[in-house]
Amino acid sequence: MARRSRAREVVLQLLFQWDQNPTKVPRKAIQQFARDRLLGDAEMSTYALALYDGVTTRKDGIDEALKNAADNWRLTRMTPVDRNVLRLGAYELLFDATPQPLEVVINEAIELAKRFGSEDSPKFVNGVLDRVGKGRGDRKAGTGSGAS
Numbered sequence: 002m003a004r005r006s007r008a009r010e011v012v013l014q015l016l017f018q019w020d021q022n023p024t025k026v027p028r029k030a031i032q033q034f035a036r037d038r039l040l041g042d043a044e045m046s047t048y049a050l051a052l053y054d055g056v057t058t059r060k061d062g063i064d065e066a067l068k069n070a071a072d073n074w075r076l077t078r079m080t081p082v083d084r085n086v087l088r089l090g091a092y093e094l095l096f097d098a099t100p101q102p103l104e105v106v107i108n109e110a111i112e113l114a115k116r117f118g119s120e121d122s123p124k125f126v127n128g129v130l131d132r133v134g135k136g137r138g139d140r141k142a143g144t145g146s147g148a149s
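Note that the sequence shown covers residues 2 to 149 in the numbering used here.
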């Protein structure tokens with residue numbers, strides 16, 4: 002598994018915990034979890050924590066974009082895995098300072114959905130993130146994917 006893919010997997014695990022646990026987890030525990038799961042890879046731990054922080058900081062904007070893209074689906078009706086795969090993908094598409102191509106973000110999210118979600122998760126994640134991605138040029142003027 003590629004290093005960034007593994008880091009995204011760790012971020013998904015952290016986001017799942019954050020989403021499901023009403024008790025705030027101490028930052029040191031979050032950092033230790035990332036370091037342990039990424040086998041001490043400092044670069045990927047930093048990358049994973051930046052993604053995690055980005056999603057948790059921008060949750061309201063991300064959730065709004067997901068609500069607009071997920072026809073007839075409330076976030077509370079989505080499985081926690083799907084919801085957090087979508088949050089991670091939407092963050093990367095809309096707010097990440099070093100944006101990846103639309104196809105890369107969607108493919109990575111689909112792989113997470115295959116690994117951790119239900120049988121229907123990959124198709125659902127693909128559809129929602131495709132809609133989010135098509136609207137990202139409007140949100141990030143000058144940094145859109147240019148894909149049609």
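Some hints here could point you the wrong way.
[To be verified] Computed Cβ-Cβ distance ranges for the label pairs, DEER-style:
| # | residue 1 | residue 2 | range |
| --- | --- | --- | --- |
| 1 | D37 | D72 | 34 to 44 Å |
| 2 | T80 | P23 | 12 to 22 Å |
| 3 | G62 | F17 | 13 to 23 Å |
[Said to hold, decoys possible] In silico DSS-like cross-links for lysine-lysine, where the CA-CA straight-line distance does not exceed 25 Å:
| # | residue 1 | residue 2 |
| --- | --- | --- |
| 4 | K115 | K60 |
| 5 | K29 | K68 |
| 6 | K115 | K135 |
| 7 | K25 | K60 |
| 8 | K68 | K115 |
| 9 | K124 | K60 |
| 10 | K124 | K68 |
| 11 | K135 | K124 |
| 12 | K29 | K135 |
| 13 | K135 | K68 |
Bear in mind the hints are in silico, worked out from the structure with no lab data behind them.
From the three backbone atoms N, C-alpha and C, an ideal C-beta is built for every residue, glycine too.
Okay, the hints, checked on the actual structure:
A C-beta distance of roughly 39 Å is found between D37 and D72, which places it inside the suggested range of 34 to 44 Å. A hinted range of 12 to 22 Å holds for the C-beta pair T80 and P23, which are about 18 Å apart. For the pair G62 and F17, the beta carbons lie near 20 Å from each other, so the given range of 13 to 23 Å is met. Simply put, K115 and K60 have alpha-carbon atoms about 23 Å apart, close enough for the 25 Å limit, and the pair holds.
Our distance criterion of 25 Å between C-alpha atoms is broken by K29 and K68, whose separation comes to about 32 Å. At roughly 23 Å between alpha-carbon atoms, K115 and K135 fall within 25 Å of each other, so this suggested pair holds. Annotation: proposed proximity of K25 to K60 holds, straight-line Cα distance about 16 Å (limit 25 Å). Among the hinted pairs, K68 with K115 is consistent with the structure: their alpha-carbon atoms are about 22 Å apart, no more than 25 Å.
Between K124 and K60, the direct Cα distance comes to roughly 23 Å. Compliance with the 25 Å bound is thereby established for this hinted pair. Only pairs whose Cα atoms come within 25 Å are accepted, and K124 paired with K68 is accepted, the gap being roughly 17 Å. Proposed proximity of K135 and K124 is supported: the alpha carbons are some 17 Å apart, at most 25 Å. Under the criterion of a C-alpha separation no larger than 25 Å, the hint pairing K29 with K135 is inconsistent with the structure, at around 37 Å.
Using a Cα cut-off of 25 Å, the hinted pair K135 and K68 holds, with the two alpha carbons roughly 15 Å apart.
This entry does not satisfy hints 5 and 12, going by the numbered hints stated previously.
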